[in-house]
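Student: Line order of the protein sequences matches chains W and X.
Residue numbers 1 to 130, in the working numbering, belong to the letters of the first sequence in order.
Residue numbers 1 to 553, in the working numbering, belong to the letters of the second sequence in order.
Please note: incorrect hints may appear among the correct ones.
[Claimed, not checked] Output of the computed footprint for chain X on chain W, the stretches with three or more beta carbons under 8 Å from beta carbons of chain X:
1. 75-86
2. 89-97
3. 110-121
Derived from the structure by calculation, the hints contain no laboratory data.
Remember, predicted model here, so these are calculated numbers, not experimental data.
We put the beta carbon where it would ideally sit given N, CA and C, even for glycine.
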Amino acid sequence: MEQPTSGDGAPQRTRIVLAEVVRRRDHDRVRAELTEQTQVGEALVRGLVRAQLALALRLSVVVAIGLGALPLLFAVAPTTSTVKIFGISLPWVLLGIGAFPFLVAVGWAYVYLAERNEQDFTAVVRRPER
Amino acid sequence: MDNPYTVPAIVAVTLATLAIGFYGLKLARTTSDFLVASRVVSPTWNAAAIGGEYLSAASFLGVAGLILKYGVDVLWYPVGFAAGYLALLLFVAAPLRRSGAFTLPDFCEVRLHSRGLRKLATAFVVFIGWLYLVPQLQGAGLTLTTVTGGPYELGALLVGVVVTANVALGGMRAITFVQAFQYWLKLTALAVPAMFVVLHWQADGRPPVTPPDGLTFPAATTVVVDHPATLTLPDGSTREVRPGEELAFQAGEPVPHVSGVDTARDLDWLLPGNDAGGLFGTYSLILATFLGTMGLPHVLVRFYTNPNGAAARRTTLVVLALVGLFYFLPTLYGVLGRVYTPQLLMTGETDAVVLLLPVAVLGSGVLGQLLAALVAAGAFAAFLSSSSGLLTSVAGVISTDVLAHASDRGPGQRGSVRDFRVAALVAGLVPVVLALNVASLDVSQVVGLAFAVAASSFCPLLVLGIWWRRLTDLGAAAGILAGGGAAVGAVLVTILGPPLHGWAAAMIAQPAAWTVPLAFAVMVAVSLATRRRTPPDVGTTMLRLHAPESLRL
Numbered sequence: 001m002e003q004p005t006s007g008d009g010a011p012q013r014t015r016i017v018l019a020e021v022v023r024r025r026d027h028d029r030v031r032a033e034l035t036e037q038t039q040v041g042e043a044l045v046r047g048l049v050r051a052q053l054a055l056a057l058r059l060s061v062v063v064a065i066g067l068g069a070l071p072l073l074f075a076v077a078p079t080t081s082t083v084k085i086f087g088i089s090l091p092w093v094l095l096g097i098g099a100f101p102f103l104v105a106v107g108w109a110y111v112y113l114a115e116r117n118e119q120d121f122t123a124v125v126r127r128p129e130r
Numbered sequence: 001m002d003n004p005y006t007v008p009a010i011v012a013v014t015l016a017t018l019a020i021g022f023y024g025l026k027l028a029r030t031t032s033d034f035l036v037a038s039r040v041v042s043p044t045w046n047a048a049a050i051g052g053e054y055l056s057a058a059s060f061l062g063v064a065g066l067i068l069k070y071g072v073d074v075l076w077y078p079v080g081f082a083a084g085y086l087a088l089l090l091f092v093a094a095p096l097r098r099s100g101a102f103t104l105p106d107f108c109e110v111r112l113h114s115r116g117l118r119k120l121a122t123a124f125v126v127f128i129g130w131l132y133l134v135p136q137l138q139g140a141g142l143t144l145t146t147v148t149g150g151p152y153e154l155g156a157l158l159v160g161v162v163v164t165a166n167v168a169l170g171g172m173r174a175i176t177f178v179q180a181f182q183y184w185l186k187l188t189a190l191a192v193p194a195m196f197v198v199l200h201w202q203a204d205g206r207p208p209v210t211p212p213d214g215l216t217f218p219a220a221t222t223v224v225v226d227h228p229a230t231l232t233l234p235d236g237s238t239r240e241v242r243p244g245e246e247l248a249f250q251a252g253e254p255v256p257h258v259s260g261v262d263t264a265r266d267l268d269w270l271l272p273g274n275d276a277g278g279l280f281g282t283y284s285l286i287l288a289t290f291l292g293t294m295g296l297p298h299v300l301v302r303f304y305t306n307p308n309g310a311a312a313r314r315t316t317l318v319v320l321a322l323v324g325l326f327y328f329l330p331t332l333y334g335v336l337g338r339v340y341t342p343q344l345l346m347t348g349e350t351d352a353v354v355l356l357l358p359v360a361v362l363g364s365g366v367l368g369q370l371l372a373a374l375v376a377a378g379a380f381a382a383f384l385s386s387s388s389g390l391l392t393s394v395a396g397v398i399s400t401d402v403l404a405h406a407s408d409r410g411p412g413q414r415g416s417v418r419d420f421r422v423a424a425l426v427a428g429l430v431p432v433v434l435a436l437n438v439a440s441l442d443v444s445q446v447v448g449l450a451f452a453v454a455a456s457s458f459c460p461l462l463v464l465g466i467w468w469r470r471l472t473d474l475g476a477a478a479g480i481l482a483g484g485g486a487a488v489g490a491v492l493v494t495i496l497g498p499p500l501h502g503w504a505a506a507m508i509a510q511p512a513a514w515t516v517p518l519a520f521a522v523m524v525a526v527s528l529a530t531r532r533r534t535p536p537d538v539g540t541t542m543l544r545l546h547a548p549e550s551l552r553l
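From just these sequences and the hints, can you work out the full model?
Tutor: Now the structure itself:
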């Protein structure tokens, strides 16, 4: 490795380099724990899977209530389907137009939150508690 | 119909598809190029390609036709077709890409290491693919008959041959460019005529979609009777008609109801809850379409072309937006079809509404004819792109799991490019023969059945395989056989069997509401009973499926 030098030719302090080595070794240790399926690694992965699944299930419930409850609503309370918005009856507005932006919004929220879960996981692996 | 622009438009789309295919062929050199585009397709291209592949004859023609016929209850078709991508995003997209599997059978091998399960998955991929291909070819036949008066068989054959040749020669790399081009073509082909149609409807003083006195003909119309039937006029009088009889109607005359043609009338059309299967049918349809998308082989195969799991997620979100944008349009055609093409409600050929509406609204002047030609070109783009995608994935599994096995390389080994071409020919031939011989159903309904089979077989396999450690190969196989088998049985009874009545009819016509829970229940129960067969490396697999790429494990 090339030694960084200051203007007068003397080598710069090397502690930074050493610190890097230490950090990388730690990082490697956790990665090894992940790949070798130690109890710590296993628990980390289980935590991630559980967090992602919980997120997916939570958003599924949002869709199940937001869209899935509509047929039941129209069947139980038929008057709701005769309500008009801008001259179009409510079921047509909700299903023909409103459903699609709603789905995209839920999908956007999922991508954002799932990536945050992964960043949290990466952070734990990269900077383990000592 | 006499439209000088239609045939050139269809020919242009077909030639453009072939040209882009051959351009891609120059780039495709290795087997990996053929199968998964060497995994270097950018998310934007990939999303447009998935959209292009997904929006089939069922979306382009079928949804508008169903809405024209049945009204608000079938709006669940487009909503479900789009929502399927949300389920795919939430439960499958990123882990599936990270699994590194090429196809669904590959996923079985990666996750559960079972040859038997792999074979079972292959059989289901082929069945779903063919079930989905047949209505595409039927749609092509219908389109050619409607817009040029040519024979039905010609359209089905034309699309079958072009697609088979293109897939056999170019493989998927070529297809990715083709599909992305097809998405934008399809969107334009529906959006531009829709704008003119809506403006014209405004200028007409917005004639009501459900007039209080029943529908009337907007212009003088002649309807040729196909089957003996009874016409019922709104005032209650009836009239018997015989096949071959020509019925002439003046502008403003009421549209009679024809016996034997199943349509929803007036308030039934406008308000929900009048579906034949009732609430059960609606929820069954919701379950099939929401959960079926993730099990469609031609959709899944696209995910392997994403560079990594995070990109797979973003691609899926873009697809959801693109597909949602598209589905505003068929509804518009279905609704305005009631005003301008009510004769379709007499013949029952409502799938043609998208093709006929531009001329019916704008007249047979140059503008109307140009727009009609654009729509016909878009319809052909729909058949070409969906069929190409389906054929690629069916040919992919046949070449890797059937031909490679036969030539002793063992399953899972990548077959040669020659194997892939042979597989493409076989995979293309069967649906063409079926499309020429099977009586035609509404295209969206057949596609709905394909969704039900996918939702009852591959959806539980993927969801449990990705999220549940204790899934075993026997459990997965039993679940697929029970749920998927039941759904396949329901499909065969629907297509080939006698007409059913009452509860049995609803359960068979929309099977997903009982076959999907059945598949999940059997899969979980058998897995728990065969706990010892849990793969020993399930921890490693889980890590691979869920760990973010930024760790570079």
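Student: Would you list, in rising numerical order, the hints stated earlier that this structure does not obey?
Tutor: none
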